[in-house]
Each structure stands twice: as C-alpha cells, then as structure tokens.
Amino acid sequence: MAVNQYPEIAFGAAVRARQEEVGANHPRETGEFELTPTDIAQIRRADHFFLSTVTESGWPYVQHRGGPAGFVHVPTPTSLAWVDFPGNRHYVSTGNVDRDGRVCLFFIDYPRRARLKVFGHARVLEPDADPDLTDELRRMGEKRYAGRVERIFLVDLVAADANCTKHISPRWDRAHIDGLTELYRRELDELRMRE
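Numbering (this note's numbering), first residue to last: 1087 to 1281.
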C-alpha cells in the first residue's frame, strides 16, 4: 500500500499558516493510502469528471472528461484507467501529461452530494501498445465503446480526499427521473384500471 501524500500535496507552508491563523486542525500524516470501497463505487458510477494537469508555464489546466457510467476503470485501489475519445484536437491535457504527469481528478456525484479528489501520476499509452487493455477499457459499465480510441490514460494514485457535501446541489439525470416517474405512472395505471 502506498503512503497517502494528500497533506504533502495540499497543505504547503502557506496553507498551514492560514490553517493555524483560523484554528483549523488538519492531519499532517494520514498513513497508507488506497481508495476506499465507497470511493471506488463513486468512480465506477461516474459519467464525467474534471481532469487537472500542469501546463509548461506552471498554471493548472482543467478539462472535462465524460462517457458512459463505468468509463473510468479502477484496476487496483491505487490506479485508474480510461480510454480517451477523439475531442477538440487541442491535446493540451495529453501534452501536459507527456511533460509532467501530475494530475488531479475531481469526481462529483450530484444525487448523493459527494465529491472526491484524487491525485496521481498519469501516463499516456497508445491503444496498439496493449490491445488487450484497450479492449478491456472499451467496456464501460453495461455498454461497450465501439468508436475509435485515441489513447489510454493510466494513473498511479498517490492521494485522495472525499471532502464535505456542503454546497453540492443535488441533481439527477434523465434516467433517474424517468425511473422515478415510471413508478407513479404504473400506480396511476393500476388506479385507473380499478375504476
């Protein structure tokens, strides 16, 4: 098991000074690290996340990544993988990872009001470098991606933080709402049939 590097990544000297100034007490060491079963379930349910990379000029760069629920795979409790689909052809995130593999992924589960930040070292793999892995990553939950895979992202995780639910407005997708309203439709149909 890897050592959780979250305090080292998130709590630099300026952050610690601010924490001390306001009386916040955050752990300095958190021991060994791996994703919890709750974290893994949230990632596997996700149909999107935000990927932050480091630009050559030192600025953070954030990109949205989306796909069917299950498009992000969790091969081990300390690694993530997904296939990258054709996009806007800017290759900013990919180029950033080629130069500096440090990444942060931000997952938000709106219905459950949960968020998860994971930090790691990413690398890019061409699909033909590992056809078996590419084939496995095409499986996305109950779906299978048949389109062109541009590349594979592999991330070795070093830290995670599932912080508070405060200020996350619950949101539901159409499938969830349709499932709920279907229950009411059936109940109404049964009531109408009794008349």
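Simulated from the structure, these hints should not be mistaken for lab results. Since the model is a prediction, treat every value here as computed from it, not as a measurement. It is possible that some hints are incorrect.
DMTMM-like mimics (lysine to aspartate or glutamate), calculated; alpha carbons at most 25 Å apart, straight line [claimed, not checked]:
id: 1; residue 1: Lys1252; residue 2: Asp1125
id: 2; residue 1: Lys1252; residue 2: Glu1142
id: 3; residue 1: Lys1229; residue 2: Asp1195
id: 4; residue 1: Lys1229; residue 2: Asp1133
id: 5; residue 1: Lys1229; residue 2: Glu1106
id: 6; residue 1: Lys1229; residue 2: Asp1125
id: 7; residue 1: Lys1203; residue 2: Glu1142
id: 8; residue 1: Lys1203; residue 2: Asp1184
id: 9; residue 1: Lys1203; residue 2: Asp1275
id: 10; residue 1: Lys1203; residue 2: Asp1218
id: 11; residue 1: Lys1203; residue 2: Asp1170
id: 12; residue 1: Lys1203; residue 2: Glu1106
id: 13; residue 1: Lys1252; residue 2: Asp1133
id: 14; residue 1: Lys1203; residue 2: Asp1259
id: 15; residue 1: Lys1252; residue 2: Asp1216
id: 16; residue 1: Lys1203; residue 2: Asp1214
id: 17; residue 1: Lys1203; residue 2: Asp1242
id: 18; residue 1: Lys1203; residue 2: Glu1281
id: 19; residue 1: Lys1203; residue 2: Glu1268
id: 20; residue 1: Lys1229; residue 2: Asp1264
id: 21; residue 1: Lys1229; residue 2: Asp1184
id: 22; residue 1: Lys1252; residue 2: Asp1170
id: 23; residue 1: Lys1229; residue 2: Asp1216
id: 24; residue 1: Lys1203; residue 2: Asp1264
id: 25; residue 1: Lys1229; residue 2: Asp1247
id: 26; residue 1: Lys1229; residue 2: Asp1170
id: 27; residue 1: Lys1203; residue 2: Glu1120
Ranges between beta-carbon positions, derived for each pair [unchecked claim]:
id: 28; residue 1: Gly1117; residue 2: Glu1273; range: 44 to 54 Å
id: 29; residue 1: His1134; residue 2: Pro1163; range: 17 to 27 Å
id: 30; residue 1: Arg1185; residue 2: Ala1261; range: 16 to 26 Å
id: 31; residue 1: Asp1184; residue 2: Lys1252; range: 31 to 41 Å
id: 32; residue 1: His1207; residue 2: Ala1261; range: 49 to 59 Å
id: 33; residue 1: Arg1272; residue 2: Arg1225; range: 49 to 59 Å
id: 34; residue 1: Arg1278; residue 2: Glu1212; range: 27 to 37 Å
id: 35; residue 1: Arg1278; residue 2: Gln1149; range: 26 to 36 Å
id: 36; residue 1: Glu1273; residue 2: Val1148; range: 17 to 27 Å
id: 37; residue 1: Phe1097; residue 2: His1134; range: 44 to 54 Å
id: 38; residue 1: Arg1278; residue 2: Glu1120; range: 50 to 60 Å
id: 39; residue 1: Val1108; residue 2: Arg1230; range: 42 to 52 Å
All C-beta atoms in this analysis are idealised placements derived from N, C-alpha and C, irrespective of residue type, glycine included.
Cross-check of the supplied hints:
Proposed proximity of Lys1252 and Asp1125 is supported: the alpha carbons are some 18 Å apart, at most 25 Å. Taken as a hint, the Lys1252 and Glu1142 pair is broken in the structure, with Cα atoms around 34 Å apart against an allowance of 25 Å. Our distance criterion of 25 Å between C-alpha atoms is met by Lys1229 and Asp1195, whose separation comes to about 20 Å. Annotation: proposed proximity of Lys1229 to Asp1133 holds, straight-line Cα distance about 12 Å (limit 25 Å).
Of the pairs offered as hints, the one joining Lys1229 and Glu1106 is violated, with about 49 Å between alpha carbons and a cut-off of 25 Å exceeded. Of the supplied pair hints, the one linking Lys1229 and Asp1125 holds, its CA atoms being roughly 22 Å apart against a limit of 25 Å. Among the hinted pairs, Lys1203 with Glu1142 is consistent with the structure: their alpha-carbon atoms are about 22 Å apart, no more than 25 Å. With a C-alpha separation of about 21 Å, the suggested pairing of Lys1203 with Asp1184 holds against the 25 Å cut-off.
In summary, the hint linking Lys1203 to Asp1275 is not supported, as the alpha carbons are separated by about 44 Å, beyond the 25 Å threshold. Distance check on the hinted pair: Lys1203 and Asp1218 sit about 29 Å apart at the alpha-carbon level, beyond 25 Å; violated. With a C-alpha separation of about 20 Å, the suggested pair Lys1203 and Asp1170 falls inside the 25 Å cut-off, and the hint holds. For the suggested pair Lys1203 and Glu1106, the alpha carbons sit about 23 Å apart, so the restraint of at most 25 Å is met.
Distance hint between Lys1252 and Asp1133 is fulfilled; the C-alpha atoms sit about 21 Å from each other, no more than 25 Å. In summary, the hint linking Lys1203 to Asp1259 is supported, as the alpha carbons are separated by about 22 Å, within the 25 Å threshold. Taking the CA atoms of Lys1252 and Asp1216, the gap is about 42 Å. The hint is violated against a cut of 25 Å. Only pairs whose Cα atoms come within 25 Å are accepted, and Lys1203 paired with Asp1214 is rejected, the gap being roughly 30 Å.
Under the criterion of a C-alpha separation no larger than 25 Å, the hint pairing Lys1203 with Asp1242 is consistent with the structure, at around 14 Å. Under the criterion of a C-alpha separation no larger than 25 Å, the hint pairing Lys1203 with Glu1281 is inconsistent with the structure, at around 54 Å. For the proposed pair Lys1203 and Glu1268, the alpha carbon gap of about 34 Å is over 25 Å, so the pair is violated. Taking the CA atoms of Lys1229 and Asp1264, the gap is about 19 Å. The hint holds against a cut of 25 Å.
A threshold of 25 Å between alpha carbons decides the hint, and for Lys1229 with Asp1184 the separation of about 29 Å lies outside it, so the pair is violated. For a cut-off of 25 Å, the pair hint linking Lys1252 to Asp1170 is broken: about 31 Å separates their Cα positions. Straight-line distance between C-alpha atoms of Lys1229 and Asp1216 comes to about 21 Å, which keeps the hinted pair within the 25 Å bound. Note on Lys1203 and Asp1264: the hinted pairing is violated, with a Cα-Cα distance of about 30 Å set against a maximum of 25 Å.
Between Lys1229 and Asp1247 the alpha-carbon distance is near 29 Å, which puts this suggested pair outside the 25 Å criterion. About 16 Å separates the Cα atoms of Lys1229 and Asp1170, which keeps this hinted pair within 25 Å; it holds. Proximity of Lys1203 to Glu1120 is assessed by CA-CA distance (about 13 Å); at most 25 Å being required, the pair is judged to hold. Between Gly1117 and Glu1273 the beta carbons are some 50 Å apart, a value that agrees with the proposed interval 44 to 54 Å.
Between His1134 and Pro1163 the beta carbon distance is about 22 Å. The supplied range of 17 to 27 Å therefore holds. Between Arg1185 and Ala1261 the beta carbon distance is about 39 Å. The supplied range of 16 to 26 Å is therefore violated. As the Cβ distance of Asp1184 to Lys1252 is approximately 37 Å, the hint placing it in 31 to 41 Å holds. At roughly 34 Å, the beta carbons of His1207 and Ala1261 sit outside the given window of 49 to 59 Å.
For Arg1272 paired with Arg1225, a C-beta distance near 32 Å fails the hint of 49 to 59 Å. For the pair Arg1278 and Glu1212, the beta carbons lie near 58 Å from each other, so the given range of 27 to 37 Å is not met. A C-beta distance of roughly 49 Å is found between Arg1278 and Gln1149, which places it outside the suggested range of 26 to 36 Å. Checked against the given bound of 17 to 27 Å, the beta carbons of Glu1273 and Val1148, roughly 44 Å apart, lie outside it.
Taken as a hint, the range 44 to 54 Å is violated for the pair Phe1097 and His1134, whose Cβ atoms sit roughly 28 Å apart. Restraint check, Arg1278 to Glu1120: a C-beta distance of roughly 53 Å satisfies the suggested window 50 to 60 Å. Our hint of 42 to 52 Å for Val1108 and Arg1230 holds, since their Cβ atoms are close to 50 Å apart.
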